[in-house]
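S.K.: Given next are the chains, with one letter for each unit.
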Amino acid sequence: MTDITPRQTGNGMLTHLGHVMRENPVTALSFGLFSCFVLQAFFGQWLVPYDPLATNSARALEAPSADHWFGTDQLGRDVFSRVIVATRLDLTISVLAVAISFVIGSVLGAVAGYWGGWLDSVLNRILDTIMAFPLFVLAMGIVAALGNTVENIIYATAIINIPFYARVVRAEVNIRREAGFALAARLSGNGHMRTLAFHIFPNALPPMMVQVSLNMGWAILNAAGLSFVGLGVRPPTPEWGIMVAEGANFIISGHWWVALFPGLWLMLAVFTFNLMGDGLRDLVDPRRRT
Amino acid sequence: MLSVKDLSVAFKTRKGQVDAVRGISFDLAPGETLGIVGESGSGKSVTSYALMRILDAGGRISAGDVSWNGRDLRAASESAMRSLRGREISMIFQNPRAALNPIRKVGHQIEDVLRQHGRATRSDAQAKAIAALEAVKIRNAAERYHAYPFELSGGMCQRIVIAIALACDPKLMIADEPTTGLDITTQKAVMELMRDLIRERGMSSIVITHDLGLAAEYCDRLAVMKDGQIVETGPSAQIFANPQHPYTRKLVDATPRPGVSIRDLLPPEARMPELPHDTDGRAILEVVDLVKTYPGKSGPVHAVKGISFTIREGQSVGLVGESGCGKSTTSAMLVRLLDPSSGAIVFDGHEIGGIPAERFLRDPRRAQIQMVFQDATDSLNPRHNAFDSIAEPLRRLGRMRGARLAARVGELAQLTGLPAHLLSRYPHQLSGGQKARVGIARAIALDPKFLILDEPTAALDVSIQAVVLNLLADLRARLGMTYLFVSHDLNVVRLLCDHVIVMQDGQIVEQGPTAKLMDAPEHPYTRELLHSAPKPPAAPFAMGHAAAKAAE
Numbered sequence: 001m002t003d004i005t006p007r008q009t010g011n012g013m014l015t016h017l018g019h020v021m022r023e024n025p026v027t028a029l030s031f032g033l034f035s036c037f038v039l040q041a042f043f044g045q046w047l048v049p050y051d052p053l054a055t056n057s058a059r060a061l062e063a064p065s066a067d068h069w070f071g072t073d074q075l076g077r078d079v080f081s082r083v084i085v086a087t088r089l090d091l092t093i094s095v096l097a098v099a100i101s102f103v104i105g106s107v108l109g110a111v112a113g114y115w116g117g118w119l120d121s122v123l124n125r126i127l128d129t130i131m132a133f134p135l136f137v138l139a140m141g142i143v144a145a146l147g148n149t150v151e152n153i154i155y156a157t158a159i160i161n162i163p164f165y166a167r168v169v170r171a172e173v174n175i176r177r178e179a180g181f182a183l184a185a186r187l188s189g190n191g192h193m194r195t196l197a198f199h200i201f202p203n204a205l206p207p208m209m210v211q212v213s214l215n216m217g218w219a220i221l222n223a224a225g226l227s228f229v230g231l232g233v234r235p236p237t238p239e240w241g242i243m244v245a246e247g248a249n250f251i252i253s254g255h256w257w258v259a260l261f262p263g264l265w266l267m268l269a270v271f272t273f274n275l276m277g278d279g280l281r282d283l284v285d286p287r288r289r290t
Numbered sequence: 001m002l003s004v005k006d007l008s009v010a011f012k013t014r015k016g017q018v019d020a021v022r023g024i025s026f027d028l029a030p031g032e033t034l035g036i037v038g039e040s041g042s043g044k045s046v047t048s049y050a051l052m053r054i055l056d057a058g059g060r061i062s063a064g065d066v067s068w069n070g071r072d073l074r075a076a077s078e079s080a081m082r083s084l085r086g087r088e089i090s091m092i093f094q095n096p097r098a099a100l101n102p103i104r105k106v107g108h109q110i111e112d113v114l115r116q117h118g119r120a121t122r123s124d125a126q127a128k129a130i131a132a133l134e135a136v137k138i139r140n141a142a143e144r145y146h147a148y149p150f151e152l153s154g155g156m157c158q159r160i161v162i163a164i165a166l167a168c169d170p171k172l173m174i175a176d177e178p179t180t181g182l183d184i185t186t187q188k189a190v191m192e193l194m195r196d197l198i199r200e201r202g203m204s205s206i207v208i209t210h211d212l213g214l215a216a217e218y219c220d221r222l223a224v225m226k227d228g229q230i231v232e233t234g235p236s237a238q239i240f241a242n243p244q245h246p247y248t249r250k251l252v253d254a255t256p257r258p259g260v261s262i263r264d265l266l267p268p269e270a271r272m273p274e275l276p277h278d279t280d281g282r283a284i285l286e287v288v289d290l291v292k293t294y295p296g297k298s299g300p301v302h303a304v305k306g307i308s309f310t311i312r313e314g315q316s317v318g319l320v321g322e323s324g325c326g327k328s329t330t331s332a333m334l335v336r337l338l339d340p341s342s343g344a345i346v347f348d349g350h351e352i353g354g355i356p357a358e359r360f361l362r363d364p365r366r367a368q369i370q371m372v373f374q375d376a377t378d379s380l381n382p383r384h385n386a387f388d389s390i391a392e393p394l395r396r397l398g399r400m401r402g403a404r405l406a407a408r409v410g411e412l413a414q415l416t417g418l419p420a421h422l423l424s425r426y427p428h429q430l431s432g433g434q435k436a437r438v439g440i441a442r443a444i445a446l447d448p449k450f451l452i453l454d455e456p457t458a459a460l461d462v463s464i465q466a467v468v469l470n471l472l473a474d475l476r477a478r479l480g481m482t483y484l485f486v487s488h489d490l491n492v493v494r495l496l497c498d499h500v501i502v503m504q505d506g507q508i509v510e511q512g513p514t515a516k517l518m519d520a521p522e523h524p525y526t527r528e529l530l531h532s533a534p535k536p537p538a539a540p541f542a543m544g545h546a547a548a549k550a551a552e
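Taken in sequence, the protein lines are chains A and B.
Using the numbering used here, the letters of the first sequence correspond one by one to residues 1 to 290.
Using the numbering used here, the letters of the second sequence correspond one by one to residues 1 to 552.
Since the hints were derived computationally from the structure, they do not count as laboratory data.
It cannot be assumed that every hint is accurate.
[Unchecked claim] Facing chain A, from chain B, some residues (calculated, C-beta under 7 Å): (1) Lys137; (2) Ile138; (3) Glu269; (4) Phe309; (5) Phe360; (6) Leu361; (7) Gln370; (8) Asp375; (9) Arg383; (10) Glu392; (11) Arg396; (12) Leu397; (13) His428; (14) Ser431; (15) Gly433; (16) Gln434.
Glycine included, each C-beta is placed from N, C-alpha and C at the ideal position.
Bound conformation, chain A alone:
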């Protein structure tokens, strides 16, 4: 009766994080890159050498140099500053979009998976309808219809991702609906809602984490893509998609750095999120905690 630890403490979580990272160097790398992006997002605007919006026509389209690490664009703005400052906007869009689709998708999927029946059929058909559209075109349509703002990019990105979450949760909940531990939870006085929310749903988290990390990459690409085609974020706001779109015009004339560096950052961000998937899953899965 000496050492009863009722709950896993915060300290335990940290140890576990350390364990997961040691186990898998790729995970450690992705978590490292992720923290770099988070730092950029929070402190980027104070760290950069130039004002990302300040133009300087005297030094337009300069190649990378000691002064301008990533060169300058057609208006003489510092590409490095713009790439770093854009991180906050791109991450905000993708995190918010993924959070919204995670929450809505989880609720819909959990309800459909647990109760089944006509509710399940109706929800599934609605999700099928969303999936039937080419997703990027659907997102374009939504932004075009709702208006050209950052919030609408977030909503559009969220809506096209809901089916993925809903389906994963539905399947995971469905196979555990009649599991012994779910019945035992009900014998302990939990109603259907509590059983679903606190006993069954958390077991869907590990595959959901993989979904989240893949989705973050997609969401960033989607936001950048929308800006690239001229929807959503408007110039001169620094945003990776717009910067690539603007820089694309100058590639033919040999000014490759204007498009390359925002594109590189975009790629790194997507890469980071995709690599994080396995690590996040291991982090939320108690079975890895041995």
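Given chain A, work out where chain B should sit, using these hints.
M.R.: Positioned in the frame of chain A, the structure of chain B alone reads:
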């Protein structure tokens, strides 16, 4: 004909090399049936995979020789093994449904094997497949040829698997847990069929099982495995009469069989006298004409067709039947997870069958009726540690928090024999027996009056089953609980219960005091159930028992 010498099998894992089999040797003569018996993790299945050279990735034969009619199987090429498998040595796997391809007709699956080994041509394959089906005594073989696995019962699927295994007249058949998961009457039918076919064809066979009683009834010789080693080998009857190794003795003791008490399952040094429990209290649960009907695609399905019985306070009642007889539906209704279609459940003088399950959750009597679930692994939330699993009913229904909660959980752990340091572990870090204890601790957390035990030992090894059954008997006496023990195994039910109810097709066919029902069953179905239980050599048991008594 088969000779295994110093066979070792090692698996590479993330935590280094694991030796699953450590230097076992045995010989098999033509026409002989060898039983390899052991508990989970003893390496018995790995041994058979090694013989067939179908070990999982990462596993390899690290030492020893396997020779088959003079041929070295360890050195044989993969293509040589391929032609050997199915033609000379064939294998039957544990789960017949998983062993059959679900989207192919069973007849075609038999044809595949025949044609693979050149035993049939396109033109005569069908006729030969039907003949193979007839050989395993499948009625209407020509019709069954066109059936898909999902259309057949578990026993029927296992017959098909046997037909496939025997299609090419192999000389050796390896059966890995051939009847686990089958009903007891089906088990008997399948085992007898297998024995007859093997004798008829003069084949040898290896039967791998955890069930010592089953192995003893159907095998000539037994090899008992533990931790990758054969601890004892000998003729079946001798192993039972005079087990030499302490582990074999423990296994023999722990096997439920007629004529022993629940304490006899334990090793002699652990046999405390059984505490008496009072069985003639007032009626605590009365079930009157209980019916459950589900809507089905082809008309309503009658799962439970109007059953009535009474359970007295302190009594332990066994509810016995085979899969699909309605015993699980009945227990789900009694524990109020499922609403009955009609009928009454009177608990402690009040009708509770009419209260909808969702409202009963907040009923003060919720804590009085609890349940221990069949599969201990499945019944524990993988994301909750043992402490949280046991604490859940205390938190929700008992409104306990903090130190009081921790003290109560500690007390329950002690009561169920769960070491306190295991409380912070997650289910995957616990053994089967430990998980069963957590499940029992959770069920008795709120001092229920009535506990439903749904095959609580079905997934456990016999030695752990013995301990858990005795734990349940102790708890009954100490806490004065009333049990409803749901099981398919009359031999186990007999050990714990005072009264037995036998169900078939949603109806009660017989009920009465345990001794009377076991000794003089009236209904033919009860007789069939009793008759189907594996019967290990009886006389040696009595001797072993007497010897143990004398030793005391």
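S.K.: Could you run down the list of hints and mark each one as holding or not?
M.R.: Outcome of the hint check:
1. Lys137: At 35 Å from the nearest chain A Cβ, Lys137/B fails the 7 Å test, so the hint is violated.
2. Ile138: The hint is violated - Ile138/B has no Cβ within 7 Å of chain A, the shortest such distance being about 32 Å.
3. Glu269: violated, 26 Å
4. Phe309: violated, 22 Å
5. Phe360: With Cβ-Cβ at 10 Å, over 7 Å, it is violated.
6. Leu361: holds, 5 Å
7. Gln370: At about 6 Å, which falls below the 7 Å cut-off, the nearest Cβ of chain A leaves the hint on Gln370/B intact, so it holds.
8. Asp375: OK, holds: Asp375/B within 7 Å of chain A, min 6 Å.
9. Arg383: holds, 5 Å
10. Glu392: The hint holds - Glu392/B has a Cβ within 7 Å of chain A, the shortest such distance being about 5 Å.
11. Arg396: holds, 4 Å
12. Leu397: holds, 4 Å
13. His428: holds, 5 Å
14. Ser431: With Cβ-Cβ at 14 Å, over 7 Å, it is violated.
15. Gly433: violated, 16 Å
16. Gln434: violated, 15 Å
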